[in-house]
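**Q** Go by the hints and put chains Y and P onto chain U.
So you can see what is in the structure, the chains are spelled out below.
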Amino acid sequence: MGCANSASPAYGEMSWFCCGSAWGPCSSAGGGACGNCTSGSHQCAWPHASAACYSITQPYACGHDLALRGCGHVFYITNQCTGGCVSASVADCGPNTHQFCGEKHCCGSTCGTDRMIDLTPSAFSAIASLSSGLLPCRIDS
Amino acid sequence: MTVLTAAQPLLLAGVFVVSARVKLTGRDARRRAAGTALARLVGKDRAPLAYGVVGAVEAAAAVLLLAGGIPGVPHRIGAVASVALAAGFLGYLLYARLFAPDSSCGCVSARQSPITWRSYARAGVLLAAALAAVSAGTAWPAVLAGRPYAAVGVVVVEGVAVLLLSPEADERWLFPLRRLKTRIRPHPLAGLAYDLPLASTLRQLEASDAYRQVGTRLRSDVLEYWDEGEWRIVSYRADADATAVFAVPRLRYDPGAVRVAVVDDPEPVPV
Amino acid sequence: MDAIDRRRLLTSAVLGTAGIAGATALGSLAPEAAHAAPAQLGVDPLADDPNFAEGRVTGIKDAMLLVTGSDTVLHRIQVTSGTSIWKLHPTTFEAVDVGDGLYARGVRLGDGTLAADSLWVNIVSMSVQITAIGNGWLHLDHGGSRVVGHVVPGRTAAVYRDAPTTGDLSKLRVGRHVHIIGAWRPDTNEVDLATVYAGTVAG
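Those protein sequences? They're chains U, Y and P, same order as listed.
For the first sequence, the numbering used here assigns the number 167 to the initial residue and increments by one for each residue that follows.
For the second sequence, the numbering used here assigns the number 196 to the initial residue and increments by one for each residue that follows.
For the third sequence, the numbering used here assigns the number 5 to the initial residue and increments by one for each residue that follows.
Just so you know, the hints here were simulated from the structure itself, not pulled from any lab data.
Predicted model, so just to flag it, every value in this text is computed and none were measured.
All C-beta atoms in this analysis are idealised placements derived from N, C-alpha and C, irrespective of residue type, glycine included.
Errors might be hidden in some of the hints.
As a list, the in silico BS3-like pairs of lysine-lysine whose alpha-carbon atoms are at most 25 Å apart [to be verified]:
#1 P:LYS175 / Y:LYS376
#2 U:LYS270 / P:LYS175
#3 P:LYS91 / P:LYS65
Output of the computed footprint for chain P on chain Y, the stretches with three or more beta carbons under 8 Å from beta carbons of chain P [unchecked claim]:
#4 243–253
#5 371–382
#6 415–429
#7 435–441
If the Cβ cut is set under 10 Å, some of the chain U residues that face chain P in the computed set are [said to hold, decoys possible]:
#8 GLY186
#9 SER187
#10 TRP189
#11 GLY190
#12 PRO191
#13 HIS208
#14 ASP231
#15 LEU232
#16 ALA233
#17 CYS267
#18 GLY268
#19 PHE290
#20 ALA292
#21 SER295
Same shape as in the complex, but just chain U:
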């Protein structure tokens, strides 16, 4: 349990999304699939937050077999470009992995392939700049 120390981490790309009450185009985002998502808390969207969620995000279409991690499960997400790490609890379903199969971003020799997790702005900004939209990450339980 913790940052970058579990036996079977997932690697991929991370991004950020807004949820809960918000301004701008995401003002209709709502509390996410779990109902308690807010931009100010360290939370995340996971493609396999439920069976129904899995059938929408379809990470298996890109060859990923992601574990079922429901609402409230805490992940430790490491920014592979800096080594910074943050914890975030599952609060929504996403990203739509299958729409971006094959997408890849690298930092040096470390790469992340396919959209794997979306963080709330507060969680993402703790380990990266919001203006870098996609970054390679490591995800531990």
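**A** Positioned in the frame of chain U, the structure of chains Y and P alone reads:
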């Protein structure tokens, strides 16, 4: 006029078959029913079941419409069922508009699509077709046998109209058409006069060893940047009252060449 | 020290060219070795992060931004010369207007003020589908609602697969799913595009 009204059961049956097929055979589509306005109407848990029931009713209506000419089956029974269904759809859309404006329509395809004026226009067309079918004096097989070209023509024209009014079908015809346009004519975004975007510099910076060395010490996003010959210089606020300054190759991609210095800097002052 | 001198100083510090004397005066430091273990931030994932704020700017007083959070909590955000301000690109405090939306990260002071390290003004991050491309704009479908993305020459960049980021947007195609970072034009459905991540470019 006879052809116009008597051919309507064919159009309606076609639309109902397509719509019912998605609702009954698409497992994903039924799961996705939770995201449609239907969920608001009957509750999230019951939405997939209700979605399937609507599909079954549509399939039954299609059968009645097509059976309309067979001896022993009143030829208007399918049309009357269609009026009820089409009116129900229109009512559903109005309800969704009022009480679940952000939800998907869940109408005739597995594709998520929002409720727009096109959804109303399509429901309106179906209702008009159903009313016309009720007013028809003859059953469709008789008209099809008597004036086949006119009957097929009516169904094709109306079918195309329904297709044009279906946001769910955009990916099948509208997007390829728009893609074709950008192939034939110059891409609208080609040849823009552009400098090297800062985003390009920052992506190269993030990929560098230099950035990884000091990454967790950075406190701010980019403070300032400027060009210096073949370099683009980018500065960040770092911890311990310092400024981190990077030099990134400006005109080539070579993250290995990125340089960094962390410079002592006094406490920032209010702007 | 004015802005030009400061830039000259920082340039020479990193490039090690002429003007070393200035850099030495500031005391150039070698970067520390990379952290052996990832640095973890100790924030309870379910609690609001005290060092983060979001909302709409409702007032600007000297170097203080008054921001009303979307949850109606009022934030006072202090901006200094060491605060980075993003509004489509790195900019200055003068570019922030009343009505702008923002995200801020910094350090919460004893009196409740957030001393900002970074401000991201009107920034949005969205996964969208390109539905039409025109002269200087993209029409985008964002979960069912239409968003107009404006291309800003010299600023808007595109990332295709793992290739270096470029200003060339001519490989974008209608129907593609892309991720965008952009600057929202307050109270409209329009954004100025910063980066378009077009992961896949086939077709």
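**Q** Evaluate each hint against the coordinates.
**A** Against the structure, the hints:
no. : hint                : verdict
1   : P:LYS175 / Y:LYS376 : holds, 14 Å
2   : U:LYS270 / P:LYS175 : holds, 17 Å
3   : P:LYS91 / P:LYS65   : holds, 19 Å
4   : 243–253             : violated (count 0)
5   : 371–382             : holds (count 5)
6   : 415–429             : holds (count 10)
7   : 435–441             : holds (count 5)
8   : GLY186              : holds, 7 Å
9   : SER187              : holds, 4 Å
10  : TRP189              : holds, 4 Å
11  : GLY190              : holds, 4 Å
12  : PRO191              : holds, 6 Å
13  : HIS208              : holds, 4 Å
14  : ASP231              : violated, 20 Å
15  : LEU232              : violated, 18 Å
16  : ALA233              : violated, 18 Å
17  : CYS267              : holds, 7 Å
18  : GLY268              : holds, 6 Å
19  : PHE290              : holds, 8 Å
20  : ALA292              : holds, 5 Å
21  : SER295              : holds, 7 Å
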